[in-house]
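**Q** Top to bottom, those sequences are chains X and H.
Taking our numbering, I'd label the letters of the first sequence as residues 41 to 322.
Taking our numbering, I'd label the letters of the second sequence as residues 3 to 509.
Keep in mind the hints are simulated off the structure, nothing from the lab.
Warning: the hint list may mix true and false statements.
[Said to hold, decoys possible] For each label pair, taking beta carbons as the anchor points, the in silico distance ranges come out as:
1) H:Gly347 with X:Asp198: 42 to 48 Å
2) X:Leu307 with H:Gln23: 26 to 32 Å
3) H:Asn287 with X:Ser43: 43 to 49 Å
[As the list claims (entries may be wrong)] Negatives, chain H to chain X, calculated, CB over 10 Å:
4) Glu41
5) Gly281
6) Gly376
7) Pro442
8) Asn506
[Unchecked claim] Think about it this way: if two alpha-carbon atoms lie no more than 20 Å apart in a straight line, the pair counts; the simulated EDC-like pairs of lysine to aspartate or glutamate are:
9) X:Lys47 with X:Asp125
10) H:Lys310 with X:Asp79
11) H:Lys237 with X:Glu80
Nothing here was measured: the structure is a model prediction, and the numbers come from that model.
Positions of the beta carbon are idealized from the N, C-alpha and C atoms, including for glycine.
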Amino acid sequence: MFSILKKEQLADGIYQYTVEAPDIARAARAGQFVILRLDEHGERIPLTIADFDAAAGTVDIVFQVVGKTTEELAACYDTGGALLDLAGPLGRPSDIPTGENVIVIGGGVGIAPVYPIARALHEAGNHVIGIIGCRTKDLVIMEDKLAAVCDEFITTTDDGTWGRCALVTEPLREVLEKRNDIDLVVAIGPGPMMKFCAETTRPFEVKTVVSLNCIMVDGTGMCGACRIEVGGETKFACADGPEFDGHAVNFDQLAMRLRGYVEQERLALDHYHGGEACQCQK
Amino acid sequence: MSEVKNPPPSPKTPRTAMPEQDPKRRARNFEEVALGYSEKDALTEAARCLSCRKPTCKAGCPVEVPIPEFVALVKEGKFAEAAQKIKENNALPAVCGRVCPQEKQCENGCVLGKRFEPLAIGRLERFVADREREQKSAEGISAEAQKALGSDEIAASATKQPPRNDRMTRPGAGVTRGVPGKRVAVVGSGPGGLTCASDLARLGYSVTLFEALHEPGGVLVYGIPEFRLPKDIVKSEVDYIKGLGVEVRTDAVIGHLFGINELLTDHGYDAVFIASGAGFPMFMNIPGENLNGVYSANEFLTRANLMKAYLFPEYDTPIARGKNVAVVGGGNVAMDSARVAMRLGAEHVYLVYRRSLEELPARAEEVHHADEEGIEFKLLNNPTGILGDDSGRVTGLRCIAMELGEPDASGRRRPFEVAGSEFVLDVDTVIMAIGTRANPLIGNATPGLNLTDRGYIAADEITGQTSLPAVFAGGDIVTGSATVIAAMGAGKRAAKAIHAYLQNSNA
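Same shape as in the complex, but just chain X (with noise of 0.2 Å):
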């Protein structure tokens, strides 16, 4: 059992929980992720490590409300409470470099995974350039956080109502017009915005790497739910990932294979719904 030492909502339907893992604290580094099952019928479900802090022994994990999964963790799991099984750090760390100009992108609860890959760049001594974007100001989660382990930070939503109106690949590319001298591009979030991002930094012909958020089953590789074609071949995201070379990601790809399980998701919370209100055993 993992206890929840403290459980924060960031914004509408976006939650961030402190769990006490203290191995999984110190062994994890910046681009890994982990699973986790809320109870003895759960589903494993991956997700990005939002921070950790190998002293307090704890793992921050960030998640939207997206499924029956999500729904029940946020409704029925608070502080003092426990996961069942949380296993990780899972996948590829991130290659950090040293003295680079590098940009990071976070859109919408992508934010969250991009905060330790941009603390990790700035301690290397790399100048670190934030973007962030979300559809609406009640959506902007970790701004003042991420802000801080970047040289230069743009926020960006798609309705104006904080910071500037527009998509993130609009300064992006300001960006990259502005300066040559960018080495490295990370984005991450929802599959459409880190396939523009490919796109608007492919002329530039930036390195870009994208983290994917394939559904997966046990993360080590033994199952190869998270299969995705990268330059041609086929990649399993929890083992080879799951950051990914941008220009190379066949993104239609991904959209698709994230839609295979569209029906059951669909069941699956409308149990969850017919049931009593809360279903946890708490």
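Since the structure of chain X is already known, use the hints to place chain H on it.
**A** Then chain H, alone, in the frame of chain X:
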């Protein structure tokens, strides 16, 4: 049992049949197919044993189960004693009695088999293990484990309580036959890891079993379906091993959470046994393999078995319930996948295999069961591509007919394509059961650990010794995909080697 009289022994008596669920009925449920011997069946079958002066059955067993001795006890109706006798050498008798390929091992060596049918050793092993389990509560299992610890023949020597086991009551504490205070980490809780952990615990070592998934058992829980190996049985065998004092740590992905070297240094283990399994599923590299509805057998079986997706939405994990399903491959895993697909409600399940019935690598019994349940064998066919619709869902499997030519290096006749014979199998789900390759995780994360050119861990065939001094390995991560019992044999040999290593390193 006094009212049951032993029938007179006669080798000519036909081998006692295994009662089974009716094929039509069982093809739609997940309950166990083989129902097990009754007491009368067991006595009848055991009476067929010739009690050879020079038995040749035992040599065929990779874990050296004392077969003549346990069968003799069954003959006398001493079932509990028979179970104890097996457990001296095999911690997983209820598993082995179900999934071992006895026809190639112990029963292949049975003298009876030369003129008649061999003794049903596997069925007897299952009978005594099941009977013992049914008669024991959880407390009983632990008491049994204590007895096993206390009755070990190896000379006892007093020692202090081993560290890190403080949270549990350690059966046999204060008595150990291994090297006092030495600790062993076992990586992977499949059949190899469980066997090694069990043997080392019985020797008195303090053992921690690390499992990457949330439940111990490895392939016994994620791979082999409920109807062939009920998960309660695995759980009870694991509980027995826990009762021996083995600490089980789930959710521990070694290579990520802790490195092998870290276990030896920071965590103070004196030796490590790696039994992490082969892991990585293979695909054919044909067009359409990433369409929705295409699974590796590992994924399909893990969803169904470990995650209980067949009980969705009571359990959260979904699985495709295909109407028409193609399983590609011919091994036991292919048979398991096909039979699971059938139980999930498929109308047609096709087994697509590029060679003929003769070459099918699956056990004859599994092929027979699959056939009985209505699996349609599309032999001498090979997939060339998977077709899908606009939304990315599978709509068909394109295949080409094959013919067999001269034998290849494996001794099996080499299949070649028949030109112009392509056709499309109308399916909505495709399961690739064509084998696995080595999971690179531990190899990549362990400096100094030598790998073979195929990425498996290079280890001594007998001892499991790797290129690192205190590190041993065995099972599929060394040999590539093999059987449960082969991994158990490797675990057993490694336990002996680790015992020897720790005794020497102590001197």
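**Q** What hint numbers does the structure not satisfy?
**A** Failing hints, ascending: 5, 7.
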